[in-house]
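> Put the two chains together into one complex, using the hints given.
Residue numbers (this note's numbering), protein chains in the order written: chain F, 2 to 255; chain B, 14 to 350.
Honestly, I wouldn't trust all of these hints.
[As the list claims (entries may be wrong)] Not the full set, but computed from the structure, chain F residues with beta-carbon under 8 Å of chain B:
no., residue
1, Y16
2, N102
3, G116
4, V120
Hints were generated in silico from the structure; no laboratory data involved. For every residue, glycine included, the Cβ atom is placed at its ideal position computed from N, Cα and C.
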Amino acid sequence: MTSPMVEARGVRKSYGGVEVLKGVDLTVVRGEVTCLIGPSGSGKSTLLRCINHLEKHDAGELRVEGHLIGYEARDGKLYELNDKQICSERSQIGMVFQRFNLFQHLTVLENITIGQTKVKGVGSDAAVAKARELLARVGLVAKEKNYPSQLSGGQQQRVAIARALAMEPKLMLFDEPTSALDPELVGEVLDVMKDLALSGMTMIVVTHEMNFAREVANTVYFLDQGVIEESGDPKVILSAPASQRLKSFLSKVL
Amino acid sequence: MTSNGDATLKVVPVRHRGRWVGVGAALLFIAMLVHTLFSRVPNGQGSCHPGKGVATCWRFAWNDVGQYFTTSEILHGLLITLELTPLAMIIGIVLGVILAVMRLSPNRLLSSTAWSYTWFFRGTPVFVQLYFWLYIALLYPSFSIGLPFLHYVPFTHVAFWHFDSNSLFTPFKAAVVAFGLNEAAYMSEIARSGLIAVDEGQIEAATSIGMTRGQTLRLVILPQAMRVIIPPTGNEVISMLKTTSLASAIGVSELIGAATNIYTGNYKIMALLIVASLWYLIVTTILSVGQFYLERRFAKGALRTPPPTPIQRIRRDLRGIAAKFPTGHRKFAEVGQ
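So here's chain B without its partners, still in its complex pose (with noise of 0.2 Å):
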């Protein structure tokens, strides 16, 4: 080699030609979606409304969208949505769990047991199993807790606690049911896979020092299955916040059900539309937020070094701006300690 010993050699870079068409494609695209969305029409097209003294408005009618955004029905649908979600997800996360380790049973009967349920929620629509649940009564107009079978015995038929099937399953509470069941069949696979995910090793070990099967599970195989249960489970309380708008089928006005009364009444169809979505990315955002700092909390001890959160990563890559710049402005560079 002639450059030996010649440390100042530049290095240059691959030019990427056909990446720069492909950035430049993208960049008309974009550019030609923004100009669409903040475009005005002539009155009386589209989502607009005649009638106001305007002789143009915006195409995607963001007046009527910035309007309807905070009306009351509107964030009552909100929290119908926000309330839907949480119960419905509790009751498919404890049940999922339940029927995965059923499903890891020794026992055969408790195994296809927890099969069969997932087969068979998993199998049909959720939205028949909403009016299921909704018309519940047609199939079993009341239900009691008493002794299993003891109706076919005369005079030894004993409730402790009856009730009618019509009042107890309201639409919300229909929904809530029938969503919470459907889920439980999704997350019973992803805490299955979780539970698998966990080094025979660990159990083993717990095991060795005398902790009980009950033990074993609940301090050293769940906590670690978790790393593997997350992020599934996230994507799943996403999925939820949206199933959630089926609700409106049977009458619950969760957000989708306050925006549909809403524009039945005024035609405003577009509009009510994009409030609902505005408010579902929101939450969705939010939702996205906690769930990396919650799958950074159990990933303790999997990596040596945790990702670093947005924040830590802006403050990096300031110090990183801040270096390059010299002493004279090393205030800049403590800006981002």
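Isolated chain F (complex conformation) (with noise of 0.2 Å):
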């Protein structure tokens, strides 16, 4: 078998004292999609954040496609890479946040290609029709002149998806994608990340959409506390939670 896309290994971090994350494990296997559930404050982002190295792990190893992220391990030492290094890993792996943050000065299609000309080098022409392309995939082709403020949150959600995809990565993260939309609009991105898993996409989800995470999801990580407590089939570990904490977050949740 092939290296896993994502492989943690006793990652930890701490923020000024305070340990968030205290020795995570978490295997990532290529095209499947993983939910990472469980209170806020648990550590589920900041793990997220840890792969595409937004943040800096303090120790454990963390590795996607069998590279570590952020170090380059030569005659038994940990080298950090420089920025430059860092940029190109993390052009390959996509990132959608909780509140979109599109670059509010420029309109939708400038969202999508700016990062395609200036950090793949990608001619403006390509870009523009590889931008369009993706438009129509998450069913926004009429808004590409619109700037990020004149879309309403599943909009905007639906460009960051794009602008994300656009990178064309192997990895897509998602941290609490839906956390900060009107309900009525949760389903519109549901639909495009579903339909993104459809397609192969290894996806790694923190989320509180439970539903989503049982339909989609290979795998569910249940975090407390800054370890997994629970991992496993969500139709298994949703329906039949082994810990006690698990049963409890559910019953809050559900």
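Spelled out as structure tokens, the structure:
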């Protein structure tokens, strides 16, 4: 078997003395959807942000496709990568944020082309063609000239997904992508994500949408207080949780 | 309610009696001011000059103002003012942005260097700085570009470029440097406030698609910071326009310098100060219009609908007036389109 897409071994992270991740192990298989669930403050988002090195983990090993993230192992030492090397690693990992974070000063189309032209060095015609194709995929062809502030939250999040996909990532990270949305807009974003999962994209999704986890995820990890409390097939662990903590968490969110 | 269903009830607005008293007082004051502006006084009083065969003349010497308004010396002074202002502002803005980025750097040395710069240049009078650069030769008789500190080692001193301070810092250049470096201290605070105002999520998003720090700053942060930076920068440009008048003290014949040169000869002090002030007002007005359009341009994406330009506003008002007329006056409405 080839190396898994993401592999975490004993990952730790603290912020000013408070340990948020206390040795997390996780394996994400290529082409599968993994959901991270758990109460707020459990470390789900931090773990996600460590995977594309938006946060530096303090200890443990974190590998994407077998490569250490942010470091290079040579002669028995770990060398921190420079800005440029980390950037090129990051450009292959797409990320979707809770608050969309679209570039406010650019149109929808420009939001999707800027990474292609400035980071990947794609020509502008090809970038625009790709952007239009992705806008069609998320159902927003008519909005290409609009600015983010003129779109609804659900539309903005779909543009954000298109922006990440434009970089042709091998892995997509979603950090509570529907938490900032009005309830009636959640569905349109989840639909795009389901579609993406069906196309074979490897995805790690931090979410509170238990139905999405049950339907789409191959594996669910339940984090609590910086450790993975329980993990496995969503159909099993969400219906018959083994741990008391997951049981009480599910009783609150469902 | 008894009036339910009666759709024709007329709305009577509240009467503001106190406001009308205020309006009356203001109108009276304005009328008095305008009257004095255009009143005449007997020969030989104030800025009035006898010997032209006129019994009375303008209190504000408007005829002199008109005469000197476009003399070549004044126009030349205006030109120098219009050179000093942008040159100083360019130095101020470029250095200010660099200082702001340094100030926000996680490196303590860089951020404290930037802080100290602002502390020093904001904490001493620009007038003193002006003289300081003019007389810099007293401290550093010459400047040379070479390898640092090697002049302490015998036979190793190599200078690629060498020049004399006195010939380098002419009054004009001293003024440009003094105003530019002083402005950088203020601009750095303005730029810093703009950079901080950009949401951190924007930086994360740029980082997540693989942009380097430089790209993030250039392509994502600065364009959005501009919206916050431009209004106070416009203020700074207008302020700089007038601050350059200080250069007259070190012998630069900019607008005020030119006016002073003329009135020391003929004592038409008020007339020439009015001439200079009118020019400042004209340039300020043009700059304000420019600022409006610049702000509009950088507001892209921040507002769902950008504010109308004055021309659009006039058109809209005309259309509003036209709409009040019956169809017979449609021609008027079309003019407003």
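> Work down the list of hints and note, for each, if the structure agrees.
Hints and how they fare:
Interface hint status for Y16 (chain F): violated, as the beta-carbon distance to the closest one in chain B is roughly 15 Å, over 8 Å. With its C-beta approaching chain B no nearer than about 4 Å, N102 (chain F) sits inside the 8 Å limit, and its interface hint holds. Taking 8 Å as the C-beta cut-off, the interface hint given for G116 (chain F) holds, the closest approach to chain B being about 4 Å. For V120 (chain F), the interface hint holds, the least distance from its beta-carbon to any beta-carbon of chain B being 4 Å, beneath 8 Å.
Going down the numbered hints, you'll see the structure goes against just number 1.
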